[in-house]
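Make a model of the complete structure from these sequences and hints.
Line by line, the protein sequences give chains A and B.
Positions 1061 to 1284 (the working numbering) are the ones given, in order, by the first sequence.
Positions 126 to 331 (the working numbering) are the ones given, in order, by the second sequence.
Please note: incorrect hints may appear among the correct ones.
[As the list claims (entries may be wrong)] Incomplete in silico selection of chain B near chain A, CB under 8 angstroms:
hint, residue
1, Trp216
2, Lys218
3, Ala261
It should be emphasised that the hints constitute simulated quantities derived from the structure, not laboratory data.
Keep in mind the model is a prediction, meaning the values are calculated, not measured.
Note that CB positions come from ideal geometry on N, CA and C, so glycine has one too.
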Amino acid sequence: MSTPEHGLAPIDPTGNAAAGRLHASSPSMVICEHCDTVHRSRALARGETMRCVRCGALLARYHALNADGMLALVLTSLIVFLIANVWPVVTLGLGAQQSSATLWGTILMMWEQGAPLVAVVAAATLFFFPLNKMLMLGWVLLFARDGRRAPGFAPIMKTLFHLQPWTMTEVFVLGALVSIVKARAYFDVQPDPGIWAYGVLTLLITVFSGIDLRRLWDATEQDA
Amino acid sequence: MSRAPRAQELGIIGCHVCGLVCRTPAGDGAGCPRCGAALHRRKRNSIARTWALLLAAFILYIPANVLPIMRTVSLGDVDDNTIISGVVELWIKGSPSLAAIVFAASIVVPMTKFLVLGTLLLSTQRGSRWALRQRASLYRAVEFIGYWSMLDVFVVALLTALVRFGFLSQVEPLPGVVFFGLTVVLTMFASMSFDPRLMWDISDDD
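What follows is the structure, encoded as structure tokens:
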């Protein structure tokens, strides 16, 4: 029954693993969200991942960071996010004239230029969602360091879950690169601190995306 | 290998928000005892909702490509760019590799999403056992690449904000970019509303 190459074993249907109490919490069970297969989980070692035996979806991955480490990562991201938003991303020069744009300048320009829908989508996916994600995650982690659940833990975790696919910082960075190359044909282009900050932010977000936030449910006790 | 059990057969259900495994409650839609999110064996009306969102996205994708997304004014010269003419211009005057990236994000990714989700919907509706594992990875790929299509929308927004030299040079957004942004958002909703577990519901022995 064991499948060591996947680092997990499917639950024996005749066994008692599933026959717990009503609403039993069973951290030892993992259900694949992509095909509904039930697995028995075990602790992963460094570099190990757990994949579904039926459909091959990633179920879990080892992560070295504890709550302290994650909190440090969130605070770093907040600082970098501040830099990315205060400084302009790019400056264009045409003769003696210069023009630079920050993220908010870009959003306001779209609003004024008759594309308010685009402005709203950009403001949400590039500013409000990432900022909320970092603040909420920071709040939850602040308490999770001592194994406690922050006030509002459940609604915050639910919101974080729904925000997950809607932050697009990485796409914005690639968009900035494309814009720079396009503009270079006609203008003097000078990258500003904002673009570097966004680059760093993209790296931090990549580290984040490897973290399974659901672990926080098992790692914390009820109530703050 | 012996057949791995599925949650539905065992009468258990996994919470999609916190991952808690619960005994299936009396009615679908009851709250998770740990986080309070509604528990569903399967996403509600998954097939119909995904079809609706996918078709809406496809309809909007037509004006997104036909209408220009950006106007460049230079010394009184007006030049309107569509998605594809922007890619061509980038290929000629800028960098071919970035042109390829923009082409992939704006044309290949949305088209792939339409084709893949359409195929998944049809094969799932017909209860097909064909290439189940491959279809499962195809779905995961579509979920993963979805939001990169936003690339061109951000390029138009940035250039609009950057190129402000009045009569000498100016960039304005045109309606095509709005349709394109809506297409991306709708395809993202479409892939989220598809329930890949439905593909496996017909196959008891695989």
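Evaluation of the provided hints:
Nearest Cβ of chain A to the Cβ of Trp216 (chain B): about 11 angstroms, over the 8 angstroms cut. The hint is violated. At its closest, the beta carbon of Lys218 (chain B) sits 4 angstroms from a beta carbon of chain A; the interface hint therefore holds under the 8 angstroms criterion. A hinted interface residue such as Ala261 (chain B) counts as satisfied when its beta carbon comes closer than 8 angstroms to some beta carbon of chain A; here the least separation is about 4 angstroms, so the hint holds.
In summary, the structure is inconsistent with hint 1 from the numbered list given earlier, while agreeing with all the others.
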